[in-house]
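Engineer: Protein chains in written order, with our numbering: chain A, 1 to 340; chain B, 1 to 309; chain C, 1 to 281.
These are calculated hints, taken from the structure and not from any lab test. Quantities reported herein were computed from a predicted structural model and do not represent experimental measurements. Think of the CB as a built atom: it goes at the ideal place given N, C-alpha and C, for glycine as much as any other residue. Every clue listed holds true.
Which bits of chain A does chain C cover? Going by a derived footprint, with three or more residues having C-beta under 8 Å, they are:
1) 39 to 52
2) 65 to 73
3) 84 to 91
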Amino acid sequence: MAAVLAQNIVKRFENVLAVNGITLAVPDGEFVVLLGPSGCGKTTFLRIICGLERQTSGNLIIAGDIVNDVPPRARGVAMMFQSYGLYPHYTVRNNIAFPLRTQRVGRAVIESKVDWASRLLGIEHLLDRRPRQLSGGERQRVALARALVREPTALLLDEPLSNLDAKLRASARQDIKQFQRRVGVTTIYVTHDQVEAMGMGDRIAVIDRGKIRQVGTPAEIYDEPADRFVATFVGTPPMNLLTHNGAHLGFRPENFLPKEMIRGGDFSEFSFRVDRSEYLGSERIVYGAIEGFDSSQPITAKLPAHGAEQTLRPGEWHPFAVRNKDLRYFDQDGKRTDRH
Amino acid sequence: MATIAEPAARTASRFRFILDRREVLGSIFVAPAILYVLLLVGVPFLLAVYYSVSAYTIYDPSWRFVGLTNFRQILQNPVFLETLENTFLFTFASQLLGLILGKFGALLLLRPFPGRKIVRALIILPWAVPIALASVAWEWMFDSLYSVINWTMITLGIIDRSEAPNWLGNPHLAMLCVIVVNAWRFFPFAIVIFLAGITSVPQDIIDAATVDGAGFWRRNYQIILPMIFPIVAVGLIFGIVFTFTDLSIVFLLTNGGPINATSVLGFQGFQVGILSGDVSHGAAISLFMLPVLLLMVVGMLRFIRRREI
Amino acid sequence: MQRIIASTLREVSFYGAVAFFVVLTAFPFYWMLITSLKSNPDLYNVTNIPFWFNEAPTLEHFRYLFEDTLFARWLLNSLVIGVCVVAITLVTALPAGYSLARMTGRSGEALGIGVFLTYLVPPTLLFLPLSRIVASLGLQNSMWSLVLVYPTFTIPFCTWLLMGFFKSFPREIEEAAIVDGCSLFGAFIKMVIPLSLPAILTTVIFTFTLTLQEFVYALTFISSSAQKPVTLGVATDLVRGDIFFWGEIMAGALIASIPVAIAYNFFLDRFISGITGGAVK
Ligand SMILES: Nc1ncnc2c1ncn2[C@@H]1O[C@H](COP(=O)(O)OP(=O)(O)OP(=O)(O)O)[C@@H](O)[C@H]1O
Ligand SMILES: [Mg+2]
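Chain A on its own, in the form it takes in the complex (with noise of 0.2 Å):
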């Protein structure tokens, strides 16, 4: 049974529409990235989950029930928010306890509710203190355990992560699937950040301009792109367009070596011209252009970072060729075509 079921919801703000018909469902225990450019209405589609906005239509069912009319506070969902929006005047168990006291749970159920999730996060030396007195990476576990200690019927994190520094993300990228996974509550997660999304998501729905373009599995979404949006808005560098006759024709710039690595298969021929090559230390990307295809966007090549392609220098026309089977066709209107 789906948790969590959006039925074409659209919501419009006085003349900005937001959200454009998003129908998703959500099994029960599953983590969905919402993934998506900015203003692409991720964060309003959340919010119209938990109820802290009205869609202007369409239908949001959680668990079983339909919520249009029903406020957050029946829904049993969780919302982690990207400042996390501890309660300032609480302490930090406090503010744990804070959604069991509103469902008047017993105080001892608080106490030992309280006292797994902040075990399960490992905050429980910080259980006195209040939220400023913490840094920034213990005021997301703290967000967090109060997110996950009613056990919800969903889970929903709007870029939780944005606030906290580079390393400090990765390893609570890894704390936050595995919290999920061990208590297994169906989550879903915003973000625009596809590296978090690649990484974290069970499946993953790309959004664009209030609309889903794609639902599936990271693989899904890398390898068999819906249309031109997923296909360029996902993977660094995004995968390469040559446009012609109107339609596109793209592959990946790990697929497109230089004619003498394809070894087997068949394969499509072409004479590059690398204009740059960047290195960055495990890879190098080579910039360059196509003869006889349009693009608006340099091509781009991802290479081993030591060999032969040392030699490649700017200025040279060298033959390149790209596996067949990795070739992905899109028609005049972007949409994936099985033939060109």
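Given chain A's structure and the hints, the job is docking chains B and C with the ligands onto it.
Structural biologist: Just chains B and C with the ligands, lined up with the frame of chain A:
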């Protein structure tokens, strides 16, 4: 994909959660304040308008409609015309004086110096302290016999005891006195407003102007003043409204005299409507404030909106 | 050398100007103080230097004020009026300010400005009809009439002040509370109120000082001495026949002024940002 087309059950009726609707609770939250203001500002205002076209007095509380008769009678009264003139003079002169003192004082307080906090606290006093109490102190300082001002001037040899001015007894001096006291009362407010405005101008804008070669005066009048204008305008509107409609200073210092030389609209309205009990004429006199008030409200609307940028 | 003279001159004129302003603003209050402490013979002798004591200072005026006049009663009246008006104002303006800032959207902004503009409606326009209304409620000559009428200006002012504050209050905290199971009302009580205590304190102080400063309504509605608030009592009631009791009047004015002056200095910055509508942060 949609596993459940038909939901199992509705959780609850809409009414159970009626107070969880923002608009509903929001309306309930504003209602008391709006009602209070409507009942005790809106209704009295309409009542005032009605009084002014009726023949209502305390002794004869009739609601008889008399049209614009009251206004016509008032306009034919030379005392009223003098009052009107006094009101404008009082407002204009005291605000001008207050603004000049305020701008000057703000420039002084802008510069850090030892004891600035204390100086600021002392300069705020005239505005903070209830004007009725300060007016009484001024009345004592303007006393015909024991005026400390006169004593100082006599001792310094500026004037002779025999020609010592009777501040509140001479029509021109009395007007000067109420103007000065009112300006004295408002200029600290002007200082505070100027200071607040100037400190809210981002330093990097001032720096940029300096780098671009703007000198002190140019910075002041072409950069800072236009930027703080909305704030200063709001402050000035407050000053005008409260001065134009005031009666306490005049009531306490001169009681409108001598021979109506300092009578202002608010005072006249009080005199006629409350003391003489001629409510309808009093209300009509007060309503002469309305055009200026409306103008100020329009100004306020413009500047209050502009602040949001 | 010339440089030094010029800069010294500049310093001297600067401090001279500061001194001028301080004397201008503070002298009347010094005058209150010195008058209230002088004995009558000293006070009413034109040959004495008025700026300082020519005879021993005395507390006689203060004693007289408290023992032989209704001054203590006026103070009490002012306190009662102030406390009641503060209570009425808080109960109405706190939810109203919050609602206009958060719950009523676009129309809230307009409504807020509308409420604020009523603060510009002067007492001298309303005192006639209000005095009739007060009379018909049987509150004529009673300080309760002031308790009824003062909120007409404290509510608009405080609603505006609080609205500005609530707008700057982080939304996330109340929203977190709402998602965590609070009703809207619960979030207001449990999160918004405790976290706005500084703003509420400012509101309380200013409401109180506004009631102390008010003069016109008090003058209009109240003529019996025992019902007067302190400002009105000191300004109008300490005259016997034609004789002013300057020592007592100044002593009373001083006592009533001090708390207001202190309150203003502590809360000035908040007041300014309130009155200019949050234009200044
Ligand atoms: N309360 C509101 N009133 C009007 N427009 C809004 C409101 N909230 C969001 N929007 C608009 O709706 C669109 C979607 O906003 P939303 O916050 O959902 O984007 P987002 O995907 O979360 O972006 P980001 O990654 O930057 O957080 C934006 O264009 C935004 O300006
Ligand atoms: Mg967002």
